[in-house]
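Fit chain Z to the supplied structure of chain W, relying on the hints for placement.
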Amino acid sequence: MNLTLRVWRQDGPEAAGRFETVPAPDMSPDMSFLEMLDVTNERLNDDGKEPIAFDSDCREGICGACSLVINGQPHGPMRGTTVCQLHMRSFRDGDVIVIEPWRATSFPVLKDLVVDRSALDRIVEAGGFIGVATGGVPDANTIPIPKDVAETAMDAAACIGCGACVAACPNASAMLFTAAKVTHLGVLPQGQPERYRRALSMVDRMDLEGFGGCTNYGECHAACPKEIPLETIARLNRDFLVGSVAGRTE
Amino acid sequence: MELNAKVPDGPLAEKWQRYRFDMKLVNPANKRKHRVIVVGSGLAGASAAATMAELGYRVQCLCFQDSSRRAHSIAAQGGINAAKNYQNDGDSIYRLFYDTIKGGDFRSREANTYRLAEISTQIIDQCVAQGVPFAREYGGLLDNRSFGGAQVSRTFYARGQTGQQLLLGAYQALARQVGLGAVEMRPRTEMLDIIVVDGRARGVVARDLVTGKIESHLADAVVLATGGYANVFYLSTNAMGCNVTATWRAYKRGAAFANPCYTQIHPTCIPVEGEFQSKLTLMSESLRNDGRVWVPKTPGDKRAPQDIPEADRDYYLERKYPSFGNLAPRDISSRAAKEATDEGRGVGKTGLGVYLDFADAIQRLGASTIEERYGNLFEMYNRITAEDPYQVPMRIYPAPHYTMGGLWVDYNLMSTLPGLHVIGEANYSDHGANRLGASALMQGLADGYFIIPATIGDYLAGAELAPVPEDHPAVRAAEASVRDKTQRLLDVNGSRHVDSFHRELGRIVWEKCGMARNEQGLQEALQRIPEIRAEFWRDVRVLGSADTFNQSLEKAGRVADFLEFAELMCRDALIRRESCGGHFREEFQTAEGEAVRNDAEFAHVAAWEYRGDDAEPVRHVEPLSFENVHLAVRSYK
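In the order they appear, the protein sequences are chains W and Z.
Under the numbering used here, the first sequence is numbered contiguously, ending at residue 250.
Under the numbering used here, the second sequence is numbered contiguously, ending at residue 637.
One chain only, chain W, in its complex shape:
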């Protein structure tokens, strides 16, 4: 396949960015998208040009490192798929492919296609956990959990923290990310003691980090590589409401 890439290049956080046209001839449809970028980078290096910086690590859709907007869509055209699992067979010979970083005020660009997503970590640090220290916990089977509850928790816990939801949202809101954690921990019996406090502090932190509010576009769910359900946001809203209106923190 012969492709043309229109890639966002930016030397550093303070520098102005620009689109650059990079030819990508002679690629195989069996390559993953990132392997196509690897080959492109090798060629750039051979030509004495600095390779395109982009994040990736596990390349099997679970670490959440890869973060490219392809032709306007976070993680590209295939639903429920991270960029690293997107293959070139999803494109056609002769295509022009536009590649950009996640765009959100809370995710400053570090270089080219690499952004700083540490704001998501700080949301978790604010309350996205069950506050038990190591040791002194009960035997695992003393906490029976109905299978459907465990499944609901797992559906939400599948979030890989990539930030595609933020990149897809016209408001750059981190609601789906936050809601996934609030749901995962909030439906489990172990998570009840901190349930409302958790929702309140995570949302506070989300606002502080400059993420926008949720206005129910649903773009986050459409872009999510793990297809985290939108109903998690309803749960977050409920817990936030109960926590703030009823003044319940425990």
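Simulated from the structure, these hints should not be mistaken for laboratory data.
Take the hints with a grain of salt, since some may be wrong.
Quick list of the computed label-pair ranges, beta carbon to beta carbon [claimed, not checked]:
#, chain 1, residue 1, chain 2, residue 2, range
1, W, 141, Z, 6, 32 to 40 Å
2, Z, 484, W, 9, 42 to 50 Å
3, W, 92, Z, 274, 17 to 25 Å
4, Z, 598, W, 11, 40 to 48 Å
5, Z, 613, W, 105, 47 to 55 Å
6, W, 105, Z, 305, 49 to 57 Å
7, W, 105, Z, 619, 51 to 59 Å
8, W, 215, Z, 302, 56 to 64 Å
9, Z, 304, W, 26, 28 to 36 Å
By construction, the Cβ of each residue, glycine as well, lies at the ideal position given by its N, Cα and C atoms.
Okay, now just chain Z, sitting in the frame of chain W:
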């Protein structure tokens, strides 16, 4: 160099509990005076950093990823073992211990392995309390599945994402401590050297990967949790960033490297497709619970799998190992696949593949049950290969996956460099020459949640640790050596990109020191590797500068270390003249192709001491004595 394992006295089952009482404690008020650096934030690193902070130590945690949640533990699929005996199928701590020792082909230390089995049950309790959503039965209790090398069901799992869920549990515990100010987290920071003062590890030199700044971080003790070195093969199931750099540079500062030749080739991965391939994808071993492995009986049979009748198929694992069948341990299953493809019976375009077939299971259990168990794995397979495993059998082939070798540690998980502790896959300790499935998660969390937080106190309470000033000559020297090495990579300015060297190295190591090794091949590798290394330092081209975000430079540093490490790995493989676990020397096998151990000469750990770039490393030996298990020929027939 002395290898004193410091195994405590007493009967096997009481050692750890007795020792916990014997260890010195640091009182709570003094704990906050001690600073500990943890390098790496996977299962071992995150759980260690969180737990030590909970205890009151001041902890700094570094990771090269952009978030501590992305460490490669996240990719573990199948599960975590624990001797809970919830299934009432005869499991016990002793059985898990025995399975692990036997699975490791009798090349691990009894006391460590027993402690691992003992702690396994606490891990599950801890993870459930944290909210890890393990699979459940309808009655609300925890579900289990079977894994290779065991005849009981003791594996706990969260769909095909067990590593992710356990890591998120540890990450959240760590995040809580970061939020409380007890842990200083430094993502996008790569450790490049150990600072040694008065013979003790007192900190690290690290590069801030965003600004390129080289900085020293000082502490009273250092804990390496930096994972394994399977990326020495270039193509492996490891993440792109996994590397040997931290452990290799610690080796060069005095930590002995143990059993580098013990590498695990995982039997069920998606086969290689082309030259451009950047990594291999694992298909969880749990698939072998329901999938049947087969190849055509006749070499060169190119019919589509559905056109090959039962009579023309060879379910070779079931045939050769009837009592374990498709759940034979990893090393044995991988070698059997290699044997089948060597005979020309491999499948797929390249002939380097075997079938993993779910047709029988789908017929017996229904597609929906199979989907519930393995849905995400089937999807992943489909995405990568564009084939539907509900309709046609998967094609799989072995791939480098895990490394049992690592820095030598004593019972306290301390290396031969005092103050430098090593946990998780980065150490060599509990798995011997072959790790059983679902045991890596167990070891990472045992080391991190339960062992190191206890043993580090004993070290800190017993060591005299004068404050190290930031301008100490050892600090300045370590910084200078890191700066110099970084600059040298940029200064070569040759013509070849870094990956081309990594690929070349990987091909040699895979062919000569992969699933099967022999003296001639290893000698060839030992000759070839220094040549590639010399070529690298003559002709590599790394663009950009040292004081910016520079991914090529990061990669170049890691490949430079692999180019040195690979030599030690082949040297270790050459000297170990026996077959054991993942180390299969073709000269030492039975007529049926089974591994032949040499207990008289090799029932020991080999730990290598660095003596300078131009000197040969020295091989030290820690004899392994088996007082509780009988050294048997490992049979899964």
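Verification of the hints:
| no. | hint | result |
| --- | --- | --- |
| 1 | 141(W) - 6(Z): 32 to 40 Å | holds, 35 Å |
| 2 | 484(Z) - 9(W): 42 to 50 Å | violated, 30 Å |
| 3 | 92(W) - 274(Z): 17 to 25 Å | holds, 20 Å |
| 4 | 598(Z) - 11(W): 40 to 48 Å | violated, 58 Å |
| 5 | 613(Z) - 105(W): 47 to 55 Å | holds, 49 Å |
| 6 | 105(W) - 305(Z): 49 to 57 Å | holds, 53 Å |
| 7 | 105(W) - 619(Z): 51 to 59 Å | holds, 57 Å |
| 8 | 215(W) - 302(Z): 56 to 64 Å | holds, 57 Å |
| 9 | 304(Z) - 26(W): 28 to 36 Å | holds, 30 Å |
The structure fails hints 2, 4 (numbered hints given earlier, in ascending order).
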